[in-house]
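Going line by line, the protein sequences match chains A and B. Take the first sequence: its position 283, counted from the start at 1, is 268 in my numbering, and no numbers get skipped. Take the position in the second sequence, starting the count at 1, then add 13; the result is the number in my numbering.
Treat the hints as calculated values from the structure; they're not laboratory data. Hints are supplied without guarantee of correctness; some may be wrong.
[What the hints assert, rightly or not] Facing chain B, from chain A, some residues (calculated, C-beta under 7 Å):
hint	residue
1	L80
2	V89
3	A92
Bear in mind that the values here come from a model prediction, so they are computed numbers and not experimental data. Quick reminder that beta carbons are idealized off the backbone N, C-alpha and C, glycines included.
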Amino acid sequence: MTTAPPIIETRGLTKRFGSRTAVSDINLTVPAGCAFGFLGHNGAGKTTLIRMLVSLTQPSAGIVKVNGWSLADHRERALARVGAIVEEPRFHAHLTGRQNLRVVAAARGPRAGRRIEPALQRAGLSDRGDDRVGTYSQGMRQRLGIARCLLADPMLVILDEPMNGLDPGGILELRGLIAGLVAEGRTVFVSSHLLDEIEKTCHAVAVIDKGRLLAQGPISQLIGDTHTRYELSCDQPQAALSLLAGHPAVAQASQAPGGLLVTLADPRAAGTVTTLLIQAGITVTGFTPIRTTLADRFLGLASRVGGNK
Amino acid sequence: MNGTVAHQMIAADMLKLRRHRPTMSTAVLLSAGIAIVYFAFIEARHHGNLAGPQALSDGATLMGIYFGAFATILIGAEAGTTDLASGVFRDLVATGRSRTALFLVRIPAAITIALSLSLSGFAVSVAAAYAFHGSAPAPTPGLALEFAAWVALATVAQATLAVGIASLTGSRPVTLIAVIGWNTVATGLLYLASFLGPVRDLVLLIALGDLFPGQQVGTHAHPGSSIALNNFKLPMPAVTAVLVILGWAVLPAIAGAWRTRTRDA
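If we strip away everything but chain A, and leave its shape as in the complex, we get (with noise of 0.2 Å):
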């Protein structure tokens, strides 16, 4: 983990809607220069708690810190390098690409103004950016919108479900661009519920669910895979689970359909379970390492699945 300070911090940070509370009593801590994902179904909280993020809308209770600057006393100094899409991307229809990118400079200052053209440019706009808005299409309305986070050289960019509608070049694209604003040692949030892409874009993950934060920290961490399950495929599968049963190189071994699952006392004994067996005249047609993915644990840790409907 990073020793730099969070990028994020959040405390008790709660907010209520007349009697129904959002999001309720959120600790969350985002490392700075990472990929950050935030999970959650739809209706869990997470726009809400973005939107507090930028000041959007103000918090019930709790406070909410970026770059060390508390929001609250200080929301200028907070949100200068900050760059956020939240929800979907809008703009004046009827201004151009790079219109619509002057008005959002004008409130940064002079510095921002001079960062269209490079903006437009890494969003793949620039031949588009005289082009009215209203004639872009999705995916570059999006684009635009990650234009228009550039304008702040941000320290932090924070897009709410960006992956949404887009096809797969899009989100291929965004995937790159993801890890692009990363090696550059920018933060970017992205709040969605793809988990697939989350896994395959982020570092660390928060989940949310009926605006409770129920877990976060690095994937890997957070997926507590320890790399020692797999399944066995062989000849003669009973031969193979009683040679298997007592050996002190495997935890635990058991019949499943297909083959058998084992799972070793160490990661690193996979070879010495394949040799045993061939050596014991076994043919081993297969031995497939069983990966936790993101899903199996979020779906574990959120309430619409998992019994709790």
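Once you've looked at the hints, dock chain B against the given chain A.
Same frame as chain A, but now just chain B:
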């Protein structure tokens, strides 16, 4: 917020307004367009005998109270709601820029655009006053300037009022109906309700009417013409008129700023 940022933000707000074709074309039609039609009609009816100073009075009334004012209110309503309606307000808030600043820049932007329209409409009446005065005396430049200043005052007050109300309600239709309805129907009724006495001095157009240059009082019309332009002039102390106008501009602006600061983006 320093001067450079303020200047850039005002320019950005003006850009949004200038590029909004439906609003701008309607506003141009309501200001210079209507002025051209009006004076062409009057000239056609009076065959080169249009009274010079009367043309200035008519032009000022058209721009400060009637169609030019509608254009001003349209511009103000657009300036006050365009960020909210497009959804860009949240992106502007997310820059960390103070919401009060986001509100305040709308006022000079709206005023600048509205002034350019109402004064260009008034310029048509100045041209008509000099070109078609016929046997009537040509107006003095001083009188033309007086009327222009009054048009500017009426435009600034109503643009600020419209931006304030639009920022308060967040709705362009509600703003248009409320402000134009108040300025036409309600003001017309209150103007005629003499039993209300000095209470009527608190109405914006009546206060503006008090500062209207020249001697025209109440409804006036070109001799032989069916057109009658009411400049809502009632006698009141000039200080009262100024304070009332200031109140109509400042109080809605305060309300609009407050709503911009407190609304969820």
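Are A92(A) and chain B close enough, Cβ to Cβ, to be under 7 Å, as the hint says? 4 Å, holds
Given a cut of 7 Å on the nearest C-beta pair, is the interface hint for V89(A) held or broken against chain B? 6 Å, holds
Have a go at the L80(A) hint: is there a Cβ in chain B nearer than 7 Å to its own Cβ? Since the shortest Cβ distance to chain B is 6 Å, the answer is holds.
Comparing the model with each numbered hint stated earlier shows that all of them hold.
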